[in-house]
Amino acid sequence: MSFEDKIAELTARREKALAMGPPARHEKRRADGIMNARERIAALIDADSFAEWGLLAVSIRPEDHDRSAGDGYVSGTATVDGRDVVIHAADFTTLGASTSTIGDKKFHHAKNNAAKNGVPLVLLNECAGSRIPDIMGAQGLHRAGEHSELWRDRSSPWAAAILGLTYGDGSFYAAMSDFVVMRKGAVMAVSSEHVTAVALAETNDPRDFGGWEVQSGVTGLVDRVVDTEEQALAEIRRFLSYMPSHSQELPPRIAPGEPGGDAEKLLTLLPENPKRAYDVRKIVEVLFDKGTVFPLKERFAQTAFTALARLEGEVVGVIAINPMFKAGALDADACDKIVSFIVLCDSFNIPLITLADTPGFMVGAAGERQKMPGKIMNYLQALGASTMPKLSVIMRKSYGQAHLNMGAGYADEMAAWFTAEVSLMGREPAMNVLHRMRSGDTPEQYAALEAQMARDTSAYALAAPFMAQTVIDPRETRDWLVRMRRLHQRRKTNGIGAHRLSVWPTTY
Amino acid sequence: MKRTPVLSELSGTIWEISVATGDVVEEGQELLLLESMKMEIPCIAPVSGTVVEIAVAKGDAVTADQPLIWIA
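Quick mapping for you: the protein sequence lines, in order, are chains A and B.
By our numbering, the letter at position 260 of the first sequence is numbered 260, and the numbering carries on one by one without gaps.
By our numbering, the letter at position 41 of the second sequence is numbered 41, and the numbering carries on one by one without gaps.
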């Protein structure tokens, strides 16, 4: 065989593989406005930066060699905003990107390359589930777990997109990720409706059990929801812009930005009536750099608002309690969401800022059935074991055990707004529990006893024994955060934490 | 006509009702205040429409997920 023939053969093999699955499937996707794997990669990365591996890999079954280009996955390395990443993208046109021996081998190659070299892993997912007959039988199934380790240690960030019907490994690997964006219309589930129909006699539309409403609002597995493919890829770029390439590096800095709003606005956003709710998201927008607040799991457990943001160009993680939802009472889902966020910040050297206004953890039968004591302690354990700098602001209420979880004893610095009110519980319930009195009963006696408790719950009561480091006017908050974040850089370890949470679960 | 319930977010007491049957309301409008966890929690219209039924009165104790108001 001459070189000419060899070149022709290589070219022909590459072209066939680059075409992926049958043309009819590509036409159908184009008609539906859905990208294929290669179009997605091109839309995600810096132009012409993709170096692929496994282009000429095919199914382990000889009878499928001709119809299993790349064995259903497009995989390799590229740059995103100038930084190296590893990408593993499902090609649904090839056997539904179903899980198979060689396709999975490519996944592990991608995963290991990301971990060994300290670069983010990007997963662009669709998956029909396990390939039949490849994964059938004792050997077929067992082989799927045999050739590598499935766990990860968060040594580099993972970002996943759910872009179509995604079952089995496509969902599992997304659930292992630090960030998941989902396109409306896509599905994330363990099994398709065909399997559930046979196994459970359930005949649901998969969008009912694994659609975006469920995964972003009920389970919290999905961090962001978008309408289009392009938006999903842009969200991945945005997430990565807050992340270091690996856990031994600091998140990327950018030039300091303007504040998101005039500090004077804080005195109107925060109601003077301490019983009135407000939307803490508006306060967060004002405090951090303009246009940098990037909420995660915003539709899930809305009492706890969690977001990545920038403060004078530096990445910070924000946990803000939102009295707009459930009066700011933290329930089991809110605890899970906060733990997941603390783990993210701890793993990637992101300082944590907490903004508290909570009447406490949710009490009552519903909470107890969701194992509230365990949830509260997981949250406290995460806070205590994590080593990133922590700044805590008590905006208004900080009651009961929740005060400890919002930073008491754990924060490097605590500031109390002059509106802060800290105690075991609110004055009225305390009056009821302690004195069995309600407002309206013997008003004079009530007022005298209540006044005593009021004095003891103020911001100044916290500042006097140096429990809070300062009492501030809300308008001074950004300046305080900037100065304290600048101090708390852990210079001796170059800002790199101990990452004790790096092997904590990837979902809660 | 499709009736949409406005559900109570928490167990608590009806503090104040700011609409009446027959009122036309906009999505996002505050319909009533619920007192719970010692906070006044606004209940917001999930859709635009007409208030066709107010199922509670001031001072009533309600439980989480109980329909308070119906909009059609």
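The set of hints was computed from the structure by calculation and includes no laboratory data.
Be a bit skeptical, because a hint or two may be false.
Said to hold, decoys possible - No farther apart than 27 angstroms at their CA atoms in a straight line, the calculated lysine-lysine pairs in the DSSO-like style are these:
#1 A:Lys275 x A:Lys265
#2 A:Lys265 x A:Lys290
#3 A:Lys275 x B:Lys2
#4 A:Lys105 x A:Lys16
#5 B:Lys58 x B:Lys38
#6 B:Lys38 x A:Lys6
#7 A:Lys184 x B:Lys58
#8 A:Lys371 x A:Lys116
#9 A:Lys265 x B:Lys2
#10 A:Lys105 x A:Lys116
#11 B:Lys38 x A:Lys282
#12 A:Lys16 x A:Lys28
#13 B:Lys2 x B:Lys38
#14 A:Lys6 x A:Lys16
#15 B:Lys2 x A:Lys371
#16 A:Lys28 x A:Lys275
#17 A:Lys265 x A:Lys282
Claimed, not checked - Which chain A residues stay away from chain B? Per the calculated CB distances, all over 10 angstroms, these:
#18 Ile60
#19 Gln231
#20 Asn273
#21 Arg276
#22 Val286
#23 Ile376
#24 Ala464
#25 Lys492
Beta carbons are placed, not taken as given, at the ideal position from N, Cα and C, and that holds for glycine.
If you draw a straight line from the CA of A:Lys16 to the CA of A:Lys28, is it 27 angstroms or shorter? 19 angstroms, holds
Non-interface claim for A:Arg276 versus chain B (Cβ beyond 10 angstroms): 6 angstroms, violated
Checking one constraint from the list: CA of A:Lys265 to CA of A:Lys282, max 27 angstroms. Satisfied? The given pair, whose Cα atoms are some 9 angstroms apart, holds under the 27 angstroms limit.
Run the distance test for A:Lys28 versus A:Lys275: straight-line Cα separation, threshold 27 angstroms. 55 angstroms, violated
Checking one constraint from the list: CA of A:Lys275 to CA of A:Lys265, max 27 angstroms. Satisfied? Distance of about 19 angstroms is within 27 angstroms: holds.
Given the hinted pair B:Lys2 and A:Lys371, is their Cα-Cα distance within 27 angstroms? 37 angstroms, violated
Assertion that A:Gln231 lies farther than 10 angstroms from chain B (Cβ): 24 angstroms, holds
Could you check that no beta carbon of chain B comes within 10 angstroms of the beta carbon of A:Ala464? Per Cβ check, A:Ala464 is outside 10 angstroms of chain B; nearest 25 angstroms; holds.
Would the hint linking B:Lys58 and B:Lys38 be met if the CA-CA limit is 27 angstroms? Given that 27 angstroms is the threshold and the Cα spacing comes to 16 angstroms, the pair holds.
Hey, A:Lys275 versus B:Lys2, does the alpha-carbon distance stay inside 27 angstroms? 34 angstroms, violated
Below or equal to 27 angstroms on CA atoms is what counts here, so check A:Lys184 against B:Lys58. 40 angstroms, violated
Mind verifying the non-interface call on A:Val286? Its CB should be farther than 10 angstroms from each CB in chain B. 21 angstroms, holds
This entry does not satisfy hints 3, 6, 7, 8, 9, 13, 15, 16, 20, 21, going by the numbered hints stated previously.
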